[in-house]
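Q: Sequence lines, in order, name chains W and Y. For the first sequence, the residue numbers in UniProt numbering are 1 to 188. For the second sequence, the residue numbers in UniProt numbering are 1 to 768.
Simulated from the structure, these hints should not be mistaken for laboratory data. Any given hint could be a false lead.
[Stated by the list, open to error] Over 10 Å on every C-beta distance to chain W, these chain Y residues come out as not near it, computed from the model:
| id | residue |
| --- | --- |
| 1 | Arg-189 |
| 2 | Gln-200 |
| 3 | Gly-204 |
| 4 | Val-226 |
| 5 | Gln-276 |
| 6 | Gly-284 |
| 7 | Ser-308 |
| 8 | Thr-501 |
| 9 | Leu-527 |
| 10 | Thr-567 |
| 11 | Leu-613 |
| 12 | Lys-712 |
| 13 | Arg-761 |
[Stated by the list, open to error] Derived DSBU-like pairs (lysine-lysine); straight-line CA-CA distance at most 35 Å:
| id | chain 1 | residue 1 | chain 2 | residue 2 |
| --- | --- | --- | --- | --- |
| 14 | W | Lys-180 | Y | Lys-485 |
| 15 | W | Lys-182 | Y | Lys-742 |
| 16 | Y | Lys-485 | Y | Lys-742 |
| 17 | W | Lys-152 | Y | Lys-762 |
| 18 | Y | Lys-459 | Y | Lys-495 |
| 19 | Y | Lys-265 | W | Lys-98 |
| 20 | Y | Lys-758 | W | Lys-152 |
Predicted, not measured: the structure shown is a model, and the values here were computed from it. Think of the CB as a built atom: it goes at the ideal place given N, C-alpha and C, for glycine as much as any other residue.
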Amino acid sequence: MLVILVLLYSPEGIEALCSAVGVDHTDVRMLMLAWKMNAEKQGYFTQDEWHIGLKALRVDTIGKLKKRLSNLKEEVMKPENFENFYLYAFRYCLTEEKQKSIDIESICILLDLVLGSQFRPQVDTFTEYLKIQNEYKVINMDQWTNFFRFCKEISFPDLENYDTTEAWSLVLDNYVEWMKEKAKLAAA
Amino acid sequence: MSAPKKRNFQIEAFKHRVVVDPKYAEKTWKILEHAIHEIYNHNASGLSFEELYRFRILSTFVVGTFLNEVLRMRNWSDFNSRKQENCKRNAYNMVLHKYGEKLYAGLVMTMTSHLKEIAKSIEAAQGALFLEELNRKWTEHNKALQMIRDILMYMDRTFIPSTHKTPVHELGLNLWRDNIIHSSKIQTRLQDTLLELVQQERTGEVINRGLMRNIIKMLMDLCGSVYQENFEKPFLEVSADFYRGESQQFIECCDCGDYLKKAEKRLNEEIERVSQYMDVKSEGKITNVVEKELIESHMHRLVHMDNSGLVNMLVDDKYDDLGRMYSLFRRVPDGLSLIRDVMTSHIREIGKQLVTDPEKLKDPVDFVQRLLDEKDKHDKIISLAFNNDKTFQNALNSSFEYFINLNPRSPEFISLFVDDKLRKGLKGVSEEDVELVLDKVMMLFRYLQEKDVFEKYYKQHLAKRLLSGKTVSDDAERSLIVKLKTECGYQFTSKLEGMFTDMKTSQDTMQGFYAAMGADIADGPTLTVQVLTTGSWPTQSSSTCNLPPEILGVCEKFRTYYLGTHTGRRLSWQTNMGTADLKATFGKGQKHELNVSTYQMCILMLFNTADGLSYREIEQATEIPAADLKRCLQSLACVRGKNVLRKEPMSKDIAEDDAFFFNDNFQSKFYKVKIGTVVAQKESEPEKQETRQRVEEDRKPQIEAAIVRIMKARRVLDHNNIVAEVTKQLQSRFLPNPVVIKKRIESLIEREFLERDKVDRKLYRYLA
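The shape of chain W in the complex, shown without the other chains (with noise of 0.2 Å):
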């Protein structure tokens, strides 16, 4: 235990415990271990979060280690927890101090990964709108919240009970708007 806590003090060492516990670490699992973990700082583990996160797992080897990953997302993935994680995945990316915002290519990652199972085509066609506008370089949390909200509320593909006059975010009415007019385009 010893050997490895002294190498996870780092992104290598974040990597090597990933190798030891067969997951990839772009793995939303990683993700979920550092919320459950509560780290603080994407690819670092501090030694507190490390002890209190392992006891909070109830896990002191590798191979309970490896197990509890697998139902750590079904943990994740119940409606209680599931907001709590979304807007954790969201800070974690924060990588400077008083940094609000996160680029959009990293944005479309953390979605793909984040929501991906859950609500894909929302995911897909939103990263997609993303990478065309360049109104937005960045997303910032409010803005991410709102998505989650969005996904969660506004019926899909056909985004009936959206309005306008809501207060919805101003990039998701432009998304709308554009998927409004790609539909248009495709009746036609």
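Chain W is already provided as a structure; the job is to place chain Y on it using the hints.
A: Just chain Y now, kept in the frame of chain W:
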């Protein structure tokens, strides 16, 4: 006791007076019947006062025969007083002794049979005599009735009320109605005759109005809606048919104006007719019929008539026709709103054409003048023809507001109009007229949605006017600023006033400068400086420019002087502005004074030390930005009459390897030559974009300030309400775009001024 004889006598007398036998009733009835007939047939004016009195006495005797006598009486002398007394006593007695019923019944019977005879005589009358006979008989009946009522007053007052029978007078009217008016041979004939006469009058014939009046009054006097049933109702129906037909005829052959004249005439005729011989209550009803048939049924067709409808009238200022249309259409439901709607869409249409026609947009001053002309024209129409109707005024205003804001350049153009007026247009104009023009400008200003855009342009134009000294009247300038302040508040004009202050202060500064430094700089060029406070004046990007050494000296002296008296300030020369007067001597000795811009001065001074210079050399020496440099060189070398420089090659455009030479052969008939820079008065496309962008940038903080103000007060508010409140708060300056508002809200959320409510994500919450 020897009384028996006396007692017998007494009993006899009493018996005589008290007992009334049925035969007695019959007898007295007959006497009274007779008397009443006599009254009826007699010419009442022949009765003397005494006789009348006698009859009044007789009124206590109500007997059928007496009545008949009265009804048939020809000669009053037949009527002797003893008979009267008898009748009087007997009728009175009849009622007293409970024979009133018989009396009343007899009255009814007698009068009825009498009236039946009268009916026959009326029926027998031929043609025009029919009405006359009817009228005569009616008059007589009334007179007789009056007498009879007087005579039978005792019965009227006692028997009739207690038995709830119809009083005598009313009874007489009812019997007339039932036996004459409603007689089968008279009723229809009467109605037809009356309607025929009305029709005749409508076609222009003259009828006996007095007779009509009497007959119709007769109908009105009778109880039970006789007038309404026997005259008014059929009259209205027939009139409706008549006017329906006539209106169809008119509409086929008349134009709108003529049709309305005819309609008005008919309406007035009907009103007059009613006042002459009908019940005043019929006026409203007949006018309704005329209005419906002549106006309401055809109003759409009239308004939209080709070549003569409302739009044509508006275009041709046909005040009379318009006034007529207004007062006629006012009478029918939705008449005025029809006129108003057509007028509104017409004005919007011409307005739209005006603001989208590229030809008309070429000259901004002309464009604005046309707007004012259109407004004046329609104001006049509303005042002269539409009774100054407020709803029409409002429609005009909303139309203007609509199309003025269709053109995004309206704010700029209005400012240019003002600029033109203040530069030269108002020269020599009286003070009142100046005020009139400025008030008109203010009126247009109020229509603008983007008042902040106007402010920007106004500031630019004002700056140019002030700096070039080209304003026609300081008072006019100030007057306009006061008006803008009244309209928009202090903030709008504080900066503008700052500009005026700077001008004044600069004058004082120059005086101080020359007083202090006068001796030192007496040899050099005369310098006049305007010191502008940044922030009050439109932002100018400072550009590079190397001033010639001859100027630099005195400029530095000024700078030193100024900074000496005002510590902590920074001065930067605005070389893109300013003018210079140069005294030039040309090849053949011609001397001229050239009035040029600062840039042009820098360029020309170079030729003091060189006869010819290349473009690149000039560029290097002056460091003036390329675009401006090219324009200046163009104005110095390529404009006929102003070409103090010569260019090789002689093309119109400036190329980078052109060469410039001092033009020794320059000629001008004027000593003073003003060389302006080739520049457009209207903004060029890129300049326009820049101004628009600046305006948008300026709006962002205003929107944010409004949002923060609102949220601070309300603490929690939903999205739609914020948008509505913000729009309301800013409407005196511009109309904010809801998308922009949303963006500002998001920005404020990011900067943690606001947050979304955690439970209801439609709400925003203020973060203290």
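Q: Run every hint past the structure and note whether it holds.
A: Do the hints match the structure? See the list:
1. Arg-189: Correct as stated: the minimum Cβ-Cβ distance to chain W is 74 Å, above 10 Å.
2. Gln-200: Gln-200/Y is indeed farther than 10 Å from all Cβ atoms of chain W, at 69 Å.
3. Gly-204: Non-interface label on Gly-204/Y holds, nearest chain W Cβ at 67 Å vs cutoff 10 Å.
4. Val-226: 67 Å, holds
5. Gln-276: 65 Å, holds
6. Gly-284: 51 Å, holds
7. Ser-308: 47 Å, holds
8. Thr-501: Correct as stated: the minimum Cβ-Cβ distance to chain W is 43 Å, above 10 Å.
9. Leu-527: At about 50 Å from chain W, Leu-527/Y clears the 10 Å cut-off, so the statement holds.
10. Thr-567: 39 Å, holds
11. Leu-613: At roughly 46 Å from the nearest Cβ of chain W, Leu-613/Y sits farther out than 10 Å, so the non-interface label holds.
12. Lys-712: Its Cβ never comes within 10 Å of chain W, the nearest being 18 Å, so this holds.
13. Arg-761: 6 Å, violated
14. Lys-180/W to Lys-485/Y: 47 Å, violated
15. Lys-182/W to Lys-742/Y: Given pair Lys-182/W, Lys-742/Y holds - Cα atoms ~24 Å apart, limit 35 Å.
16. Lys-485/Y to Lys-742/Y: 31 Å, holds
17. Lys-152/W to Lys-762/Y: 15 Å, holds
18. Lys-459/Y to Lys-495/Y: Holds, because 9 Å separates the two Cα atoms, which is no more than 35 Å.
19. Lys-265/Y to Lys-98/W: 86 Å, violated
20. Lys-758/Y to Lys-152/W: 16 Å, holds
The structure does not agree with the numbered hints 13, 14 and 19 stated previously, though it agrees with the rest.
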